[in-house]
Amino acid sequence: MRTLIGFIIKNYFLILFLAFEAMSFYLIYETSYYRRHSMISSSNRITGTLDRVYSDIAGYFLLNRENEMLAYENSLLRSMIPGDTVEYPVPGSIRDTAYSYISAKVISNSTHKRNNFFTINKGREHGVQVDMGVISPTGIAGIIIGVSENFARGMSLLHKDTRISGKIKKNGQLINIVWGGHDYRKGKVIDIPTHLELNKGDTIITSGNSLIFPEGLLLGTIDEYLVNRDQLFNSARLDFATDFNSLYYVYLVKNLNIEELDQLQNPPENE
Amino acid sequence: MNSQVFKNIVRFVFLVFLQVFIIDKVQLNVYFNPYIYILFILLLPVDIPRWLLLVLAFITGLSIDFFSGILGIHSAATVFIAFIRPGIIKLIGEKEDAEQNLEPNIRNFGLLWFFTYVSFMAFLHHLVLFYIEVFRFNEFLDTLLRVVASSAVTIALIIIIQLLFIRRIGPVR
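If you read the protein sequences in the order shown, they are chains A and B. Throughout the first sequence, residue numbering follows our numbering, covering 1 to 271 in sequence. Throughout the second sequence, residue numbering follows our numbering, covering 1 to 173 in sequence.
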């Protein structure tokens with residue numbers, strides 16, 4: 001016993017260091033995308049207020065751009081009124097009654113890290129829940145991972161763990177979207193079967209398989225098709241439909257059937 | 001002693017604020033992400049109790065983490081440089097004639113010494129930080145490039161901050 005205490009006293013610096021590192025890695029594990037939990041929410045409460053003050057000040061300088069975005073979106077919505085035009089630019093988002101929508105404002109956002117997050121000014125009070133999809137006026141933007149009373153934090157598509165199920169609009173083939181970490185404008189399309197031909201400008205939309213996003217939301221357009229000679233799947237560079245650098249007003253999408261679908265797909269185990 | 005505690009609290013608040021609301025808002029691209037808040041750990045007195053150094057590093061890292069998406073990344077990297085700090089100071093060479101409770105800053109230790117010190121600490125901090133952030137090895141070279149580019153900016157910014165604040169007090173030795 002005495003030698004043990006002696007050992008601890010002698011090496012207390014190393015032991016304390018390892019303890020702090022262990023604690024840090026535990027926190028990383030606990031708050032990472034795969035196990036999002038209440039800890040993110042508590043940090044939200046503290047930083048959300050500060051972020052809002054910052055956003056209120058910075059917002060004054062961006063009013064012009066925000067107006068433009070809203071005007072653009074108005075035009076999109078107008079075009080969805082039946083009888084006005086035939087094409088639905090953001091199909092599914094209005095007609096679909098399986099989803100409900102909440103509008104929100106982004107008060108903090110980043111695009112220059114390997115893993116990017118944003119904070120919005122709506123929280124539990126307004127009906128925001130973890131796992132809701134976040135869409136911008138032009139495309140999809142991310143997923144909510146933490147909610148506090150008045151704020152919520154979302155994981156941007158610009159994240160190493162992003163994997164969005166999409167499909168090629170012209171032939172309905174399923175593919176996946178990831179982010180390579182270089183440019184906030186470019187995503188990567190992976191898992192493209194080799195027999196498919198893709199051209200620059202082809203549209204990629206959400207598949208609706210994920211329960212988070214409705215089917216048919218715009219993800220982006222193909223920038224360059226990359227053929228890997230010796231692999232099973234090809235890949236492609238994607239121009240994101242969402243401009244992550246000017247993410248101001250967003251909509252949160254809630255799948256009203258998510259519990260039922262989740263139960264159907266992952267039935268609770270009965271002994 | 002109390003004035004030193006007060007000075008460090010002010011410095012802590014200032015650096016976290018500068019990092020979160022100014023530096024992090026300037027979004028150049030993924031290769032230039034300076035983290036100047038480590039200056040707080042760098043400037044703690046040479047003879048600070050080593051347990052206190054680790055505790056302060058953990059708190060500093062966690063404060064920055066609160067403003068980013070995942071907790072634990074900055075605290076892991078900051079605790080790491082706090083752990084190696086005594087070794088690095090010994091390696092670059094302590095000033096024998098100097099009092100032990102000195103801050104290792106430009107004025108007390110000279111520009112060259114401070115530059116070497118910041119370079120080691122910033123590079124190692126960023127190395128740990130960016131690799132934990134990516135958490136995979138298939139982006140190895142890309143991440144290394146990120147570490148080098150960001151450390152360079154961090155080092156330059158920290159030296160500029162030091163020169164700005166030192167001038168008020170007296171000439172650089």
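Think of the hints as simulated: they come from the structure by calculation, not from any bench. Be a bit skeptical, because a hint or two may be false.
[Stated by the list, open to error] No farther apart than 27 Å at their CA atoms in a straight line, the calculated lysine-lysine pairs in the DSSO-like style are these:
#1 B:K90 x A:K122
#2 B:K25 x A:K160
#3 A:K169 x A:K122
#4 B:K7 x B:K90
#5 A:K105 x B:K25
[Unchecked claim] To spell it out: a stretch of chain A is covered by chain B in this simulated footprint if at least three of its residues, at any positions, have a beta carbon under 8 Å from a beta carbon of chain B; those stretches are:
#6 106-118
#7 148-162
#8 230-238
Heads up, the beta-carbon is just placed ideally off N, CA and C, and yes, glycines get one too.
Quick rundown of the hints versus the structure:
Between K90 of chain B and K122 of chain A the alpha-carbon distance is near 51 Å, which puts this suggested pair outside the 27 Å criterion. Straight-line distance between C-alpha atoms of K25 of chain B and K160 of chain A comes to about 21 Å, which keeps the hinted pair within the 27 Å bound. Note on K169 of chain A and K122 of chain A: the hinted pairing is violated, with a Cα-Cα distance of about 32 Å set against a maximum of 27 Å. Among the hinted pairs, K7 of chain B with K90 of chain B is consistent with the structure: their alpha-carbon atoms are about 25 Å apart, no more than 27 Å.
Under the criterion of a C-alpha separation no larger than 27 Å, the hint pairing K105 of chain A with K25 of chain B is consistent with the structure, at around 17 Å. Counting residues of the stretch 106-118 of chain A whose CB lies closer than 8 Å to any CB of chain B gives 8, which reaches the minimum of 3, so the coverage claim holds. Look at the stretch 148-162 of chain A against chain B: 3 of its residues bring a Cβ nearer than 8 Å to a Cβ of that chain, three or more, so the hint holds. Here the stretch 230-238 of chain A counts 0 residues with a CB under 8 Å from a CB of chain B, which misses the bar of 3, and the coverage is violated.
In the structure shown, a violation is registered for the earlier hints numbered 1, 3, 8, in ascending order.
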